[in-house]
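Residue numbers (the numbering used here), protein chains in the order written: chain A, 1 to 491; chain B, 1 to 101.
Just so you know, the hints here were simulated from the structure itself, not pulled from any lab data. Predicted model, so just to flag it, every value in this text is computed and none were measured. You can trust all of the hints, since none of them are fake.
In silico EDC-like links for lysine to aspartate or glutamate, alpha-carbon gap of 16 angstroms or less:
#, chain 1, residue 1, chain 2, residue 2
1, B, 71, A, 97
2, A, 399, B, 49
3, A, 17, A, 28
So the derived list for chain A, only partly shown, Cβ under 10 angstroms to chain B, looks like this:
#, residue
4, 111
5, 320
6, 337
7, 388
8, 398
9, 473
For glycine and all other residues, C-beta sits at the position ideal for the given N, C-alpha and C.
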Amino acid sequence: MNFKNFMNLGYTIKDIKDGLAKGHFTAEEIFKRYSDKIKTKNKKLNAYLSVFDSGVARVGTPKARNDNEHLWGDEGQAHAMDLQGVPCAIKDAILIEGSISTAGSKILENYISAYDATVIKNLKKAGATFLGKTNMDEFAMGTSTENSAFGPTKNPHDLNRVPGGSSGGSAAAVAADLCVFALGSDTGGSVRQPASMCGIVGLKPTYGRVSRHGLIAMASSLDQIGPLTKNVYDSALVLNVIAGHDSFDSTTVPSVVPDYTANLDKDIKELRVGIPKEFFGKGLDPEVEEKIKETISKLENMGANIIEISLPNFEHALAVYYIINPCEISSNLARFDGIRYGYSTKNAETLLETYLESRSEGLGAEPKRRIILGTYALSSGYYDAFYLKAQKVRALIKKDFDDAFKKVDIIVGPTAPHAAFKIGEKVSDPLALYLEDIYTVPVNLVGLPGISIPCGKGRNSNMPIGFQLIGQPFDEETILRVSYQLEQALK
Amino acid sequence: MLSDKEVKHIAGLARIKISEKEEKSLKKDLSSILEYIDKLNEVDTTGIEPLYQTTGLVDSFRTDEPRGEFKMDENLNEKLIGQAPASEKRFIKIKSVFSRK
Chain A
1 MNFKNFMNLG YTIKDIKDGL AKGHFTAEEI FKRYSDKIKT KNKKLNAYLS VFDSGVARVG
61 TPKARNDNEH LWGDEGQAHA MDLQGVPCAI KDAILIEGSI STAGSKILEN YISAYDATVI
121 KNLKKAGATF LGKTNMDEFA MGTSTENSAF GPTKNPHDLN RVPGGSSGGS AAAVAADLCV
181 FALGSDTGGS VRQPASMCGI VGLKPTYGRV SRHGLIAMAS SLDQIGPLTK NVYDSALVLN
241 VIAGHDSFDS TTVPSVVPDY TANLDKDIKE LRVGIPKEFF GKGLDPEVEE KIKETISKLE
301 NMGANIIEIS LPNFEHALAV YYIINPCEIS SNLARFDGIR YGYSTKNAET LLETYLESRS
361 EGLGAEPKRR IILGTYALSS GYYDAFYLKA QKVRALIKKD FDDAFKKVDI IVGPTAPHAA
421 FKIGEKVSDP LALYLEDIYT VPVNLVGLPG ISIPCGKGRN SNMPIGFQLI GQPFDEETIL
481 RVSYQLEQAL K
Chain B
1 MLSDKEVKHI AGLARIKISE KEEKSLKKDL SSILEYIDKL NEVDTTGIEP LYQTTGLVDS
61 FRTDEPRGEF KMDENLNEKL IGQAPASEKR FIKIKSVFSR K
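Put together the whole structure using the sequences plus the hints.
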């Protein structure tokens, strides 16, 4: 199978580090190069909501190298300097102190972040620089970035098509080389699905691997921050920097973070790869199925054992997600009340009206839809039938995966049921947009790590298709290893 | 599936004011979503414990010591309440909780 790079992705993290080390450019020069490029190209794409004049974050003492070069980072830290001078884009739901974070919503249009998210602190310690904040579906609710209060982002491969969502801005920025890497957040597929639609790599770590402190919360039992990168090696490098226990997030695990770049070349012969038969039912676009099956054959040629498995409760995963997700949202978005920060109405006479009007005027249609759905499902008389029932079926879905992982090491399949659709095509049918997440939500429900890598273009749409690899809890190493070698084989 | 009265009541609980038009479209959208979700009633979950979180972590404690992340100074005040729409000195101003009628 011939797979050509259909897009000039520009610099990878390794390219930047090589260039800096050889003196081809300085950190400031590369930052300016990207800033200038954003100035000319962002209007067409709408990937960035805000850009920074100077993204050079100073932590620790600047260390002079080669007379002219000043690099930043904190040398005393693990993985310090791993991302020296590498410019990145950050999804607008992740707080960078002193800068605006909108979460794609008018209700936070002018909200100035009060602190750095832990992942930002880590990136600063590693010497990364920040180009700006990227567009997203409002409060991460969406699969196309069309729910943003600030206009949709365009897919760099076809400006009439969506980049996926909710981390559409981050995915488009990476795919159009408007940054070297980006961070997004994934609650039901929001890093993996846009990566799939934009032809780049997107990783969702195991729930508990990366701190959520400083991520504007959507669904607290499902959210994870993850990297969007141009290749698998960069994904492993960024994961090294952002992963780890955090005393500010009690859902992070105390386990040691391995070096995810260390064993990428380790042999995958005899690795057991599971293919769930339920992934190939109706709803999967034939052009996607074709590429997925080709990629599975590739894995087989590389020496992996392909084993058919079953996830009997897969068909219920989306329904489970669309109960748990709105329920947790209804709780997390209660804080936007026009009192302490964010948009506040000028039309209120009473305290109750302050709440009613601020939320009505500041929140978009999809957040309102989900808050109301969640409130209904959690209300007295319905809690058992909806929320409790969903959490029980969630346990059954986990059991399916636990049973499968007794027979296989990783599970693979499509990331999304089709390639990028046209802007406006699905926006009037919320349920159709929810169905985009069918292959990604089970991974969030069970808290597993998942990665999407590009595996070619659809024969009809000529748009990128993503191949998803799902790992066992805290086994990012194996999915990164297989993805890395598959990526080489697909070149 | 949802009555007008129910939609109004829930919107009130969620502290969101919705217009007539929004009420109509919400009723339609929510009903179709609820219909989809209703499939879950077919699943047998007798004896299954709910799975609320996947890490299995229990009692994630830290030592009761200040972490020194914030300095108690004027800047902190500005960060924490500087963005409140109405404030006076170190206090956030809101409409009266109890009505004076």
